[in-house]
Amino acid sequence: MESPAPPEDTRQRIGLAVGLSILLPGLGHLVVRRRAWCLFWFLLCQLTLFAGLLLAGATQFDYGRWFGLGAVRGIFVVLPEVANFLGTQVAAQILHSVENGGADPTWIPYRDLGHLLSGASGVLACFAAAHAAGQVLAADLPRPGRRNPGTAALASLLLPGLGHWLVGRRFKAVLLGGTVLGLFLLGMALGGFADFDRQRHPYYWAGQMFGGGAFWLVALAAAGARFTEVLRFMDAGLLFTTSAGLFNVILALDAWRRAEDDWLAAGEEEV
Amino acid sequence: MPTLLGLGLLLIVFSLALAVVVSGYREDEPARILRGTVRRAFSFLAAVVLIGLAGLALSWYLS
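The listed protein sequences derive, respectively, from chains X and W.
First residue of the first sequence? That's 1 in our numbering, and the numbers climb one at a time after it.
First residue of the second sequence? That's 1001 in our numbering, and the numbers climb one at a time after it.
Isolated chain X, as found in the complex (with noise of 0.2 Å):
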């Protein structure tokens, strides 16, 4: 059965909503004047972007690069940060990693932390567009009483499920969120919960990043883990982490478009 679709003037308020949220987070908010969620969203990512990179000595460039036409520079990519796109670009061209200056990242005191809150700024500002999407929804066809689907997609990222658990899919949430979990548990425990590590890893890291909350107070609890041996399985638990972590984008997709369907048959039974 084919699902139901917002009006064709919703969707391209729906698509300014997204393009300028991932622009800079908290302007996709404007396009239906939600100036308070516009200056929740703007705040949260740029003060984590930030406070990470001060924390970890800016040593996040280290894992980007510039993309220009010849000497002249671009724009700085570094994942995932740069999904907070404006934030990450003014960051690039004021702080320099001190690496660069010679020093020894590995003696920055919070650089785990660091690393930790400006990658979840990055993930944030894909949650922002999520969450400015829904509030066009929202403006355009009202529900009173209905979960919104930037919400059902905001919870996924909080617990992976619980965006479904949110709107009434309890098996999905239970079969999907334990799912994600568990593979991203077992990942850990067969790296020796040393997997979740940007230096090590950087690319696999950004995927592992996406499996919200639930992910990083793991990371942050594991944060002083290294490798001190080659695990027997070792390359298998970094694939799961990662997958993991992607996976639960796919259920934050999914929450999103079952929200979606429920608001808009919610419409169709009110007609």
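Read the hints as simulated data drawn from the structure, not as lab findings.
Ideal placement from N, C-alpha and C gives every residue a C-beta, glycine not left out.
Among the hints, erroneous ones may be present.
Claimed, not checked - Derived list of chain W stretches under chain X, where covered just means 3 residues or more per stretch with a C-beta under 8 Å from a C-beta of chain X: (1) 1001 to 1007; (2) 1026 to 1035.
Said to hold, decoys possible - A short list of chain X residues far from chain W (calculated; beta carbon distances all over 12 Å): (3) Asp104; (4) Ile108; (5) Arg143.
Since the structure of chain X is provided, determine the placement of chain W on it from the hints.
Leaving out everything else, chain W in the frame of chain X:
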């Protein structure tokens, strides 16, 4: 060195996890999700084993 049995078990676990997520995204009813999970897990597992066997055969042939 990873053992073949260990890798096989991990392949089964990963195939199931992948199949659960894909089926959960494609379907909304529990019974359909479970049916889809079994089918997709088996398809993925069989594809990986076949590719592995093809790689093994090629390495034997070339060595």
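Consistency of the hints with the structure:
no. : hint         : in the structure
1   : 1001 to 1007 : holds (count 5)
2   : 1026 to 1035 : holds (count 3)
3   : Asp104       : holds (33 Å)
4   : Ile108       : holds (34 Å)
5   : Arg143       : holds (19 Å)
Violated hints are absent here; each numbered hint is respected by the structure.
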